[in-house]
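Keeping their order, the protein sequence lines are chains A and B. Going by full-length UniProt numbering, the letters in the first sequence line up with residues 1 to 195, in that order. Going by full-length UniProt numbering, the letters in the second sequence line up with residues 1 to 195, in that order.
Read the hints as simulated data drawn from the structure, not as lab findings. Keep in mind the model is a prediction, meaning the values are calculated, not measured. Please note that the accuracy of each hint is not assured.
[What the hints assert, rightly or not] Below are the EDC-like pairs computed for lysine to aspartate or glutamate, each with C-alpha atoms no more than 16 Å apart in a straight line:
1. Lys189(B) - Glu100(B)
2. Lys143(B) - Asp74(A)
3. Lys30(B) - Glu100(B)
4. Lys30(A) - Glu100(A)
5. Lys143(B) - Glu157(B)
6. Lys143(A) - Glu110(B)
2 protein chains.
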Amino acid sequence: MRSAHPQNGGETPYQIPTHPNFQSTVSLRKLRRFNYLILIFRVATFSSSLASFVFMLTTSRDSDPSSPRWYHFDAFRLVVGANAIVAIYSLFEMVASVWEISRGSTLFSEVLQVWFDFSHDQVFAYLLLSADSAGTALARVLKGMDTCTAWSAFCIETDISIALGFVGFLFLGFSSVLSGFRVACFVIKGSRFHL
Amino acid sequence: MRSAHPQNGGETPYQIPTHPNFQSTVSLRKLRRFNYLILIFRVATFSSSLASFVFMLTTSRDSDPSSPRWYHFDAFRLVVGANAIVAIYSLFEMVASVWEISRGSTLFSEVLQVWFDFSHDQVFAYLLLSADSAGTALARVLKGMDTCTAWSAFCIETDISIALGFVGFLFLGFSSVLSGFRVACFVIKGSRFHL
Chain A
1 MRSAHPQNGG ETPYQIPTHP NFQSTVSLRK LRRFNYLILI FRVATFSSSL
51 ASFVFMLTTS RDSDPSSPRW YHFDAFRLVV GANAIVAIYS LFEMVASVWE
101 ISRGSTLFSE VLQVWFDFSH DQVFAYLLLS ADSAGTALAR VLKGMDTCTA
151 WSAFCIETDI SIALGFVGFL FLGFSSVLSG FRVACFVIKG SRFHL
Chain B
1 MRSAHPQNGG ETPYQIPTHP NFQSTVSLRK LRRFNYLILI FRVATFSSSL
51 ASFVFMLTTS RDSDPSSPRW YHFDAFRLVV GANAIVAIYS LFEMVASVWE
101 ISRGSTLFSE VLQVWFDFSH DQVFAYLLLS ADSAGTALAR VLKGMDTCTA
151 WSAFCIETDI SIALGFVGFL FLGFSSVLSG FRVACFVIKG SRFHL
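The task is simple: from the sequences and hints, build the whole structure.
What follows is the structure, given as structure tokens:
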């Protein structure tokens, strides 16, 4: 499939193929597009999980002491925690991504960076999905009880927060596909560049 | 990293490299080991999810009509459904895996097989985790209510079922890493063999 200059790909594993010049320019442009795509997913993940986190926190702004609070429920605490972790991680990955686009090299060493990105994407995607599913189950139980009749705003806000968490999970899932592809490139070809 | 006979890898994308003979024998042995590893994960996933499915169904063997049933709870229905789907899928994948080990070729065409395996592994892993997380949240809510005081056997059995579901998810996750690697090999080298 990809028979062009295999010698180069084999002998200089940490370099983008640099000859012939035309091929190199095309590769660089594709690589740049790939990196921008990752950055877009990182920004989308960050926005969604931050919004989810903030929405869940604002459910407790009611000054009435008898109103339900998110921290009274295990699953909602998990939603808040998971979204906070994912937001912080996405912020870091945004910095790493901008660094890579502007300087052409990874923030850590290449082997560490590709494995770090992929493993964290995977673990945090599962964590976020798990938290949001638990949150959904609890929200459904609350709907069947008096809580949502008396405090409908609370239930609506937690629903929105959980929905935003699922959106964040979706973008994180896309990121993990791309970072998984980079790991596979690295394992197979000795370089994160597939082009 | 992997500079041996790149011409061959480029020109015969659907074949294992066949020369020199020594290299080919080592490759075949490694490939066989890789396929056996996938088969082991498939069997483990099948056993766990089938056990989880059966455990959840047996919670309703009590003839007392007032006892709780798994199908009265959304999240437990989801656990049963997800585990049934994963068990059936794993059974099919076991057949596909045995076929590949015994005949040396994939059940479908190669491109279809690698993408089918990877996409279904990913989707079903997320489905199973989501169902089990929802089940866990519900189980925790039930523990805080009268249900688990009056019907402790029901709660213990649902806990075991959910735990088995998580074990199934773990093995499915491992399978998805391996099938993801095969997809990446296919995209990069035009063959599911990385060796």
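Would you mind confirming whether the straight-line C-alpha gap from lysine 30(B) to glutamate 100(B) stays at or under 16 Å? holds, 14 Å
When you check the alpha-carbon spacing of lysine 189(B) and glutamate 100(B), does it fall within 16 Å? Given that 16 Å is the threshold and the Cα spacing comes to 20 Å, the pair is violated.
Is lysine 143(A) within 16 Å of glutamate 110(B), Cα to Cα? violated, 48 Å
For the pair supplied as a hint, lysine 143(B) and glutamate 157(B), is the alpha-carbon distance within the 16 Å limit? Status holds; Cα separation ~13 Å.
With the threshold set at 16 Å, check whether the alpha-carbon distance from lysine 30(A) to glutamate 100(A) stays at or below it. OK: lysine 30(A) and glutamate 100(A) at ~14 Å, within 16 Å.
Decide if the proposed pair is consistent with the structure: lysine 143(B) and aspartate 74(A), CA atoms, cutoff 16 Å inclusive. holds, 12 Å
In this structure, the hints that do not hold are numbers 1 and 6, in rising order.
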